[in-house]
Amino acid sequence: DAKTTQPNSMESNEEEPVHLPCNHSTISGTDYIHWYRQLPSQGPEYVIHGLTSNVNNRMASLAIAEDRKSSTLILHRATLRDAAVYYCILRDLTFSSGSARQLTFGSGTQLTVLP
Amino acid sequence: DAGVTQSPTHLIKTRGQQVTLRCSPKSGHDTVSWYQQALGQGPQFIFQYYEEEERQRGNFPDRFSGHQFPNYSSELNVNALLLGDSALYLCASSLTGLEKLFFGSGTQLSVL
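Chains as they are written, first to last, in this note's numbering: chain A, -19 to 95; chain B, 21 to 132.
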């Protein structure tokens, strides 16, 4: 899997938007961009994923650069509950039935939300 | 609908012992993956089971083995425990063909 680069940590004020960047300059054409987050004392939790177009769901938005070499996870209004480690992961679509599609985690970005 | 459940939540073992961790996937999911997460690091892939077979393996020694049962639940076994095996062990389940993985809260293993 291609590698991603994220800042080690970021801070945000409560109820303000947060933009979490991710660089993936070696992304291939079949790599989807996934975001997971891990709250304290819990397992990772799926946030969002996309291929080329920007994506929105109830948790967040994903903005993907036109050349796909970078992306940004956007939390529109940060809450204290959003304090977590956020992982940006590239995942190849190529698979056959039953074959593994593992996630390769990096170190992620520790997001601190200030009240 | 229960999510991914893991047992036990915490476990203390001594060097050289063997341990078995258990995972029940989310209802309807047929694929189970195991990850090891050392303190301060991201999870590292151990292996994945589908149709009761190990389908892919990460860079872990043969001391790490697993099993998947017909009801899709899974076990992770670690033999000859080392101090370095102390970590949070996470189980994730998914349905073949879907992108999203669901993780349990993990088993915290301490090796003394």
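Source of the hints: derived by calculation from the structure; they are not laboratory data. Fair warning: there could be bad hints in the mix.
Taking CB as the label site, the calculated pair distances span [stated by the list, open to error]:
1. GLU71/B - GLU25/A: 37 to 47 Å
2. ALA22/B - ASN36/A: 38 to 48 Å
3. ASN99/B - ASN(-7)/A: 44 to 54 Å
4. GLN22/A - SER47/B: 36 to 46 Å
5. GLY9/A - LEU118/B: 41 to 51 Å
6. PRO20/A - ARG35/B: 20 to 30 Å
7. THR10/A - LEU132/B: 26 to 36 Å
8. ARG61/A - LEU31/B: 21 to 31 Å
9. ALA22/B - HIS56/A: 45 to 55 Å
Glycine is no exception: its CB is placed at the ideal position from the N, C-alpha and C atoms.
Tested hints:
no., hint, in the structure
1, GLU71/B - GLU25/A: 37 to 47 Å, "26 Å, violated"
2, ALA22/B - ASN36/A: 38 to 48 Å, "28 Å, violated"
3, ASN99/B - ASN(-7)/A: 44 to 54 Å, "49 Å, holds"
4, GLN22/A - SER47/B: 36 to 46 Å, "20 Å, violated"
5, GLY9/A - LEU118/B: 41 to 51 Å, "21 Å, violated"
6, PRO20/A - ARG35/B: 20 to 30 Å, "29 Å, holds"
7, THR10/A - LEU132/B: 26 to 36 Å, "45 Å, violated"
8, ARG61/A - LEU31/B: 21 to 31 Å, "29 Å, holds"
9, ALA22/B - HIS56/A: 45 to 55 Å, "30 Å, violated"
The structure does not agree with the numbered hints 1, 2, 4, 5, 7 and 9 stated previously, though it agrees with the rest.
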